[in-house]
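The whole structure should be built from the sequences, with the hints applied where relevant.
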Amino acid sequence: MPTKASPGSLRAWLASPPRAVMVALVLWCAALLGFGLYLQHAVGLEPCPMCIVQRYVLIAVALTTAVAGLVGAGWRRPLAWLAGVLAIAGAAVAARQSWLQWYPPEILSCGRDLFGMIASFPLQRAIPMIFRGSGDCTAIDWTFLGLTIANWSFLNFVAMAGVLAAWLRCHRT
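Yeah, the sequence shown ends on 173 if you go by the numbering used here, and it's all consecutive.
It should be emphasised that the hints constitute simulated quantities derived from the structure, not laboratory data. Hints are all accurate, no fakes.
Here are the in silico distance ranges between beta carbons for each label pair:
id, residue 1, residue 2, range
1, 71, 103, 41 to 47 Å
2, 31, 105, 28 to 34 Å
3, 41, 77, 36 to 42 Å
4, 59, 95, 15 to 21 Å
5, 56, 165, 17 to 23 Å
6, 85, 34, 22 to 28 Å
7, 73, 42, 38 to 44 Å
Nothing here was measured: the structure is a model prediction, and the numbers come from that model. Even glycine gets a Cβ: it sits at the ideal position worked out from N, Cα and C.
If you want it as structure tokens, here you go:
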């Protein structure tokens, strides 16, 4: 027999109107993207190609959950599933980057600097490369509580997938 959730519990929040959960996920993604931009522009950390991929996945999760919050109930579950799959994909990229940071390869092959790209390639090839990131995926430039940016990214993606899975479980109908 299911027990009634206390008003301030996670279960009660997940059972709340779907828009509240979806808006929270959008805001979560926006906060992570904002922090990444802060680290890039204020602290001066250059994102690597894997960081850029994780940013794109965060944007995709945010857009998917935003649409899920706006559409009717018939589309909400498939969009929540899609957002969950995207979050798992983001976790996989972050896990791979964490692995590369723990066990760096002998030959670095994860990015070039901006001036090297412009000097080595025609402008029409260099501009797309700039948006792919230029930092080193194996470099550990910032840590908090002993975890790197990639580690925190992994934990956040897993947590987002967990919230979406729990929401889907609470809203089976």
